[in-house]
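Chains as they are written, first to last, in this note's numbering: chain X, 375 to 647; chain P, -17 to 161; chain Z, 293 to 656.
It should be emphasised that the hints constitute simulated quantities derived from the structure, not laboratory data.
Certain hints may be false.
[Said to hold, decoys possible] Computed from the model, here is a short list of chain Z residues facing chain X with C-beta under 10 Å:
(1) 317
(2) 348
(3) 352
(4) 353
(5) 357
(6) 358
(7) 377
(8) 381
(9) 382
(10) 500
(11) 501
(12) 510
(13) 526
(14) 529
Given the structure is predicted, the values throughout are model-derived calculations rather than measurements.
Built from N, CA and C at the ideal position, the CB exists for glycine as well.
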Amino acid sequence: MAVVFEPTKGLTDKPFHYCPGCCHGIIHRLVAETLVEMDALETAVGVASVGCTYNSYEYLACDMVQAAHGRAPAVATGIKRNLKDKIVFTYQGDGDLASIGTAEIVHAAARGEKITVVFVNNAVYGMTSGQMAPTTLVGQVTTTSPWGRNPETQGYPINVSEFLSQLPGAAYVERVCVTDFKNINAAKKAIKKAFTVQQNNLGFSLVEVLSTCPTNWGKEPLAAMEWLKENMQKQYPLGCYKGADLVFDENGKYVSGSIPATNNNCVNVAEVK
Amino acid sequence: MIDFSIIFAGFGGQGILSAGKMAAEAALYEGKEVSWFPSYGPEMRGGTANCSVVISDEPIGSPVVNDADVVICLNQPSMEKFEKQLKPGALMILDSSLINVRPERTDIKVIAMPASDIASDLGKMLFAPISMLGCMATETGCFSRDSFEKSLYEVLPERKHKLIPTNVAAFDKGAEYAK
Amino acid sequence: MAQKRVLMKGNEVIAEAAIRAGCRNYFGYPITPQTEVMHYMAKKMVEAGGNFVQAESELAAINMVYGAASAGFRAMTSSSSPGISLKQEGISYIAGAELPAVVVNIVRAGPGLGGIQPAQGDYFQATKGGGHGDFRNIVIAPASVQEIYELVVDAFNLADKYRMMVMIMGDGTLGQMMEPVAFRDEEPIENIAKPWAACGRKGDDFHHTITSIYIDPDVLEKKNIELQEKYKIVEANEVRYESVCMDDDPEIVITAFSTCSRISRNVIRQARDMGIKVGMIRPITLWPFPSKPIAEAADMPSVKGFIDVELNAGQMIEDVRLAVNGKKPVYFHGRMGGNLPMQKEILDKIVAIHEGTLKEGGIV
């Protein structure tokens, strides 16, 4: 019998603990497959964060380090500075990255740290049972915004890709989703591009993946996908926010496109005579 | 010599801290135990600077000096502050070019010398505390002129060696004021 | 072979010793009075081909250490009291994940923002865990610039040997002062293999994971028991202390570490000139604590009592009292706020103990 499909070597045999309809499973698989396709499973080091993703260190089959809440970009910095020719990535949720870890993510991007961040945005704290996240939409009901997020007292969502793309150290920032085959393929391409950016030492790279949380949104998986398309994609438009013009050859070598080293608009006092 | 303690005090930029280091280096050259401890943090942002140097034949206890054998003062506020931190019978050397008043205490030895005028004649104000070092070393014998000179050659990078003769000249000028 | 003695600042020697110990990772954030560690590293670590990152916060710095250590590399951060409080999160994770790391605390006076002058008010924080959970760090308290050098090199070896964080605890005096130091031509670096490191699978048929999370209570309890067993081994093997004038039946025993032990050393001389036989036990490791020699001193018939001298309201005295176990009175002299005790203050209390007029306990 011909084998038409088999599990990726990029994932361990450990069963996922994720809820039915959650996108983490798909996103894990995309990261794992990409590492295998780039022949990086043996050399890459990933950093797991805190939230539903805490256990990702047991699922991804490359070497993995579990970080404290929000600190994954700092941990990845410590690893990458020592393993300069290896792919080092973090896998973070929105509470982890956009709330408690804002300082770490902003400064990793500002330093142009040669790491890749896989940022999973589901507009809610999943693990701790559905509290409002920094990315929760205005009017969205959560356990800590029972009448819907009220901007008057609870402020506005943070568009992470938009704001991080403003930092000169960021070489590549793209927002994707995994609601259907087309988007899943686009998401995988983005993850591969981010790792390629890193391998070429161009700077910081981030892929924001919009995700569902059927459990905490109180929706059936398919309805959650629809809600994501109808609401989240309006607040968080898909697209490439930095590095859209980057071109690589078939071996993954950088060919052209604007990169932090040559296109940063920064005053350099060492050059001002 | 056990825990011979010196306080250098003045404004930041007068070369207080480096004069203290030179004293420590000279004593170290003689094989003594030495410590050097600076004022640090906001204390320095107001423009004052001081450091404590301890020279001893035995391991040094506290590098922070509360009752000094010598205080070298390059401004009036320092004189007023550190006058209180001298042992009875101890020595105060003050820069009479910059300080018009004299300490109130009568149980201490005072040498007033025109350190800043000496420095000005030598071309750099940084020589003022070095001339006072010369006075102190000669007056108390805490280290020799020879050690002062030789330690400079040892500690300073080669490109700065051309400055050493002027430092020694400042030291010698100051030595003339020892009683 | 020892080289010629050179005059250097304590903070600079911390940095130099780390580089000599083979540490090629320094992550820091500015805070007085330890900034010279960072200044020195900014230049010399880079010249040594290592990594220097000025982190965005103490939190980030300790987590960069966590990352570098996870990948199997010697790593260090330094700070002063308020910054060490921030690092406690990472310190607890380092303990949980059993990573080797060296953290320097050049202690300043607290609580809160406090002041910037020397203190020892972080003794409890350093020796009783500091962060959340049941864990210990090896805590080393050098008393001179020469000792800083030797103990920082040892700290990296101990960290690797036990997969533990080692804290070097100094204070503003020790960090800021210059003293002679003689470096060795070659450092006694112990190269300990790190097969557990997450630096790429490199052909292993499993992936290496570094973590401190154990959701199953039974698994976590087992992990805790393993940690405690490791700590017992450290307690049995790594206690360091110095006995000063303890061989001639002393009447009064000083307990003091770091800066206070220096001041006390002079007091011993003065007291002995007055005919009072004073000795001192100086803990070099604050954890594991040298309880045994203190307990033995308490059993000496000649010893009338102890006086504990600290730059705080009385922290190490609790460990001294546990060791003395009620056999002899334990008196205290402490200064706070960044002040150092004068020799005369300590001497006066020793005379009073000798005459039997001093009351036990009390601050200052």
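- Task: Identify whether the interface hint at residue 510 of chain Z stands, where standing means a beta carbon of chain X within less than 10 Å of its own.
- Result: violated (17 Å)
- Message: Tell me if the interface restraint on residue 526 of chain Z is satisfied: Cβ within less than 10 Å of some Cβ in chain X.
- Response: Given a least distance of 24 Å, the restraint on residue 526 of chain Z is violated.
Quick check on the hint: residue 382 of chain Z CB to chain X CB, less than 10 Å? holds (6 Å)
* **chain X contact restraint for residue 317 of chain Z - C-beta distance below 10 Å** => Hint holds; residue 317 of chain Z Cβ to chain X Cβ min 7 Å, cut 10 Å.
Hint check: is the beta carbon of residue 352 of chain Z less than 10 Å from a beta carbon of chain X? OK, holds: residue 352 of chain Z within 10 Å of chain X, min 4 Å.
Check your understanding: Does the interface hint hold: is residue 501 of chain Z within less than 10 Å of chain X, judged Cβ to Cβ?
Key -> Because about 5 Å separates residue 501 of chain Z from the closest Cβ in chain X, which is inside the 10 Å limit, the hint holds.
Going by Cβ atoms only, is residue 500 of chain Z closer than 10 Å to chain X?
Since the shortest Cβ distance to chain X is 5 Å, the answer is holds.
Discussion item. Min Cβ distance, residue 529 of chain Z to chain X: is it shorter than 10 Å?
Written reply: violated (29 Å)
Q) Holds or violated: residue 357 of chain Z as interface residue toward chain X, Cβ cutoff 10 Å? A) holds (6 Å)
- Under the criterion of a CB-CB separation shorter than 10 Å, is residue 381 of chain Z in contact with chain X as hinted? holds (6 Å)
Once the shortest beta carbon distance from residue 377 of chain Z to chain X is found, is it less than 10 Å? Given a least distance of 15 Å, the restraint on residue 377 of chain Z is violated.
Q) When the nearest CB of chain X is found for residue 353 of chain Z, is that gap smaller than 10 Å? A) holds (8 Å)
In summary, the numbered hints that this structure violates are 7, 12, 13, 14.
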